[in-house]
Amino acid sequence: MLRSMNTLGCSLKYSGLHALNELRIKPVCVQSVRWKRKPRWLPVAKSKQFRVPERPKFDEGETLELRRLYDRYRTHLRAVRKYLKQEFIDLSASSSAALEGTQNEAEEHQLCLKENEEWNKQVALLREQRLLQEQEARRESILAKLVAAEERQKERMEKAEEMVREEKERAKFYITADNIDKAIEDALASPVDHNYAIDLEGHIYRGHKTKPSDVPPDELEKIQVQG
Amino acid sequence: MPFMKGKAPVRRTLKYLEAGSLVLKERIKIFCVNYNHHGNHHKGARDFVFWYLPQIQYKNPNVQVMTLTNMTPSPFITCFFDTGERMHIDIDSKTKEEVQTHLKKVICKPGHILAAELKAVQKKNNPANFGFGCDRQCICEVFGQVPCPGLVPLPKEMRGKYKYAKD
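Chains as they are written, first to last, in my numbering: chain Y, 50 to 276; chain W, 1107 to 1273.
Derived from the structure by calculation, the hints contain no laboratory data. Among the clues, some could well be false.
What the hints assert, rightly or not - Each computed SDA-like pair below joins lysine to any residue, with the alpha-carbon atoms no more than 20 Å apart:
1. Y:163 to W:1207
2. W:1210 to Y:169
3. W:1131 to Y:156
4. W:1149 to Y:168
5. W:1135 to Y:125
6. W:1131 to Y:155
Stated by the list, open to error - What follows is a set of in silico ranges between Cβ atoms, one per label pair, in the way DEER data are often shown:
7. W:1225 to Y:122: 32 to 42 Å
8. W:1110 to Y:164: 54 to 64 Å
9. W:1220 to Y:116: 49 to 59 Å
10. W:1245 to Y:122: 25 to 35 Å
11. Y:110 to W:1267: 25 to 35 Å
12. W:1143 to Y:188: 24 to 34 Å
13. Y:188 to W:1220: 45 to 55 Å
The beta carbon of each residue, even a glycine, is placed where N, CA and C say it ideally should be.
Sequences are here, hints too, so could you generate the full structure?
Right, dumping it as structure tokens:
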């Protein structure tokens, strides 16, 4: 008995006077409690063994009035909540109005796709025409280039032939092994004298010792310009 | 000037960007333009990208706007929807104005929806509003209005229990 009192009495600190310890206040009057609640393992007290709890008595009229008021209040509240719920459902994404909107959207989308198809077809036509024109232009330019190339080829061939002809002509005067003796004899027989002088009027004075005063004026030769 | 960058810096001004008229539909997620740098039939596409693409991106910040260059012989626009569907728009030899009008018809929000959205935004931004979601919670916060009865009791003439009391 004593021990149980002690153990129970030790719960002073933990029963709320802990706060007083923290604040370091010394209250003048301290009232201690034996315990807060009877533990469940203790048997019923002798004074309480045959206790019959008194049933509360309610006034009929009062209860009816109270129930009427409560019913009225709860009905109103339920009505408001249902209304708000319905409003929320109407505005939500899966409502019939929203679904109609999406159907409209789908129809509009199809219309837009069709219009785009039309536009694409027209643009395709334009592109085909442009490509045809470009093709024609390219064909013509290629033909022109081919013709020009042919002409150039012809010119080259002509030039080459002319050169060959000229060479053939000049080949007649070439000195070969056959006519080298004759050529030497001709060269020795006809010496060319390069010792001459020319004055500003174009008169030639042949011979390397000839002075201008040696040649009389009426016997002067004019230099022949070889064009 | 340090902020007049690029060939036509007017494209970077707020006024120009706000003036964009191409607001794409919500279902469009990607807007892709294919064009080349050379070629007369690509000129319209090039001009469209140069002048109108900044406006499109400004008005549709959540749409991926991209350009692919020198990949195909003819220019076109591809729109990718959230359903996975694609829409190709051929813009061969079309001017930028023609492209813009066509896009407005085909992939932009219709005029009445834009007007409704504008109205909603204005309603939201109206500084005269008070309540949930606005700057002022109650009219009692405004200087010159009846003060909050929680702080200053209302005069008896305004209180229901005195007005309707039957003595």
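Hint-by-hint comparison with the structure:
The suggested pairing of residue 163 of chain Y with residue 1207 of chain W holds, with an alpha-carbon distance near 16 Å, which does not exceed 20 Å. Between residue 1210 of chain W and residue 169 of chain Y, the direct Cα distance comes to roughly 15 Å. Compliance with the 20 Å bound is thereby established for this hinted pair. Between the alpha carbons of residue 1131 of chain W and residue 156 of chain Y the distance comes to roughly 14 Å, so the proposed pair stays at or under 20 Å and holds. Among the hinted pairs, residue 1149 of chain W with residue 168 of chain Y is consistent with the structure: their alpha-carbon atoms are about 18 Å apart, no more than 20 Å.
Simply put, residue 1135 of chain W and residue 125 of chain Y have alpha-carbon atoms about 47 Å apart, too far for the 20 Å limit, and the pair is violated. A C-alpha spacing of about 12 Å is found between residue 1131 of chain W and residue 155 of chain Y, which places the hinted pair at or below 20 Å, so the restraint holds. Checked against the hint of 32 to 42 Å, the pair residue 1225 of chain W and residue 122 of chain Y passes, with Cβ atoms roughly 39 Å apart. In this structure the hint that residue 1110 of chain W and residue 164 of chain Y lie 54 to 64 Å apart at CB is violated, the actual value being about 40 Å.
Evaluation of the 49 to 59 Å hint for residue 1220 of chain W and residue 116 of chain Y yields a pass: the beta carbon distance comes to about 56 Å. The beta-carbon spacing between residue 1245 of chain W and residue 122 of chain Y, approximately 29 Å, falls within the hinted interval of 25 to 35 Å. A hinted range of 25 to 35 Å holds for the C-beta pair residue 110 of chain Y and residue 1267 of chain W, which are about 26 Å apart. About 27 Å separates the C-beta atoms of residue 1143 of chain W and residue 188 of chain Y, a value consistent with the hinted range of 24 to 34 Å.
In this structure the hint that residue 188 of chain Y and residue 1220 of chain W lie 45 to 55 Å apart at CB holds, the actual value being about 51 Å.
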